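K.L.:
Listed here are the chains, written in short residue letters.
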Amino acid sequence: MPQQQLTSLQLTGLANNFLAISQALGNYRYSNNVGSQITQEENQTLGNLQWTLLNYADDLYTQSAILIMDNVEQSLATISNVTAQIQSTYKTLLTIQKAINVATSVTTLGAAIMSKNPPAIASAIHGVFDTLKAA
Amino acid sequence: MKNNKDFYRILFGLILILCTSCANLKKVNDFSSSSLQSIKNFENIDYSFNQACNDAGKLERIRNAQFVLDTSKFDCGSNRIADSITLVIYNSIKGYFDGLTNLSNNDLTNYKLDTLATAFIKANVSDSSASAYAKISNILFRTITNEYRKKKIQQYIGEANDAIKVLLNNLSFQLNQNLNGKLKIQEQKLTSIYYDLFQKANSPYEKLVISREYDMKIASLKNKEEQITSFAIGLQKISDGHQKLYEDRNKLTEKKFKDLISGYSSSIQDINAKFNKIKASKQ
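In the order they appear, the protein sequences are chains A and B.
All residue numbers for the first sequence refer to numbering that gives the first Met the number 0, where the first residue is 0 and numbers rise by one.
All residue numbers for the second sequence refer to numbering that gives the first Met the number 0, where the first residue is 0 and numbers rise by one.
One thing to keep in mind: the hints can contain errors.
[Unchecked claim] Below are the DSSO-like pairs computed for lysine-lysine, each with C-alpha atoms no more than 27 Å apart in a straight line:
1) Lys278/B x Lys183/B
2) Lys90/A x Lys26/B
3) Lys90/A x Lys149/B
4) Lys164/B x Lys243/B
5) Lys276/B x Lys221/B
6) Lys90/A x Lys93/B
7) Lys97/A x Lys183/B
8) Lys90/A x Lys250/B
9) Lys39/B x Lys276/B
10) Lys273/B x Lys250/B
11) Lys90/A x Lys25/B
12) Lys90/A x Lys39/B
13) Lys93/B x Lys26/B
14) Lys221/B x Lys57/B
15) Lys276/B x Lys90/A
Just so you know, the hints here were simulated from the structure itself, not pulled from any lab data.
Small disclaimer: the values here were computed from a predicted structure and weren't measured.
Just chain A, with the same shape it has in the complex (with noise of 0.2 Å):
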């Protein structure tokens, strides 16, 4: 029989176990009187025991958080897809404006040369320029 890793929400479900069962532990340590009700060594014994599930605990969410990776690897391939697609649309409708400005400079840049005004011609052409540049 092929042997089956434990899911991320199972390791998390083990860990919160471990988390209540030392809480128990660690509330029967507090309201038992050292000394009176329970010996030093006791004592000594429960809190090494509650601190070892704690780091028992600790590691299995360590262990899921890692894990988790399973649960979205697929979904984290289909959201970079699609924000790519809105990536691309977003800039396509960006460029329509460049267009209307290198439009608007050759307009201009045609009006000038129509008009045969040299410097107009000059300042028509330097326009155009800009607004490649910038397209």
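Use these hints to put chain B onto chain A, whose structure you have.
P.N.:
Frame of chain A, contents of chain B only:
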């Protein structure tokens, strides 16, 4: 005269279409921008897996009465991997909502045609005609591009819905369960350490100092937990809102849709405000 009437009728029709598309895209924009703002709160959370590991190391040192931690027995490598996975999920969600916000922004298709009108005037087209051309072109441009945007947004929301919900839910789980779980571990460890210190204290004053320090440390941990929980609730709301957006994506013109999405946007804004309040209460 008849031509003029027809012209105004068409213009009126175009303006109507334009108003409807703008208003509905605005609702999508409101939702995506408030979602984006809420998501970006991730960067304001005062905690990470690596930090949790470093803090655990400090507690280990105190417990074992070591001045320097024995790093050979204490490695935070796995926690750093957990942080980078969390960051990848976060960046992916942020990138999507950033794109959606930009694309649904009505300013995007608010093209500037005034300069073109001026150019026409210079090209000997009469002032009034040039200005009229510019206005009509503007309306036409916006109507066409808004319809195009609406169609594209509907398509993208449809394609992204399942995946974005998976990412939002997993980011919420990662933080609210795994990272908050680590904070709860720290709380228990601190309680254990301070309990022993309290037991060994020689005077009431020492006990008072220990109690005060313990309360302060626990309050700081609780604040972090609250920040994370509030952020995770926001993610859940965004996921629900996106689902509604997906279900009603073909009704982008209906009033019901607008009201519904407005509701999600304001809920997300409320959660956002709550997050900032929790964070501010720490300072």
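K.L.:
Now, for every hint given, state plainly whether the structure supports it.
P.N.:
Against the structure, the hints come out as follows:
no., hint, result
1, Lys278/B x Lys183/B, "18 Å, holds"
2, Lys90/A x Lys26/B, "22 Å, holds"
3, Lys90/A x Lys149/B, "16 Å, holds"
4, Lys164/B x Lys243/B, "12 Å, holds"
5, Lys276/B x Lys221/B, "14 Å, holds"
6, Lys90/A x Lys93/B, "18 Å, holds"
7, Lys97/A x Lys183/B, "55 Å, violated"
8, Lys90/A x Lys250/B, "26 Å, holds"
9, Lys39/B x Lys276/B, "15 Å, holds"
10, Lys273/B x Lys250/B, "32 Å, violated"
11, Lys90/A x Lys25/B, "19 Å, holds"
12, Lys90/A x Lys39/B, "23 Å, holds"
13, Lys93/B x Lys26/B, "19 Å, holds"
14, Lys221/B x Lys57/B, "19 Å, holds"
15, Lys276/B x Lys90/A, "37 Å, violated"
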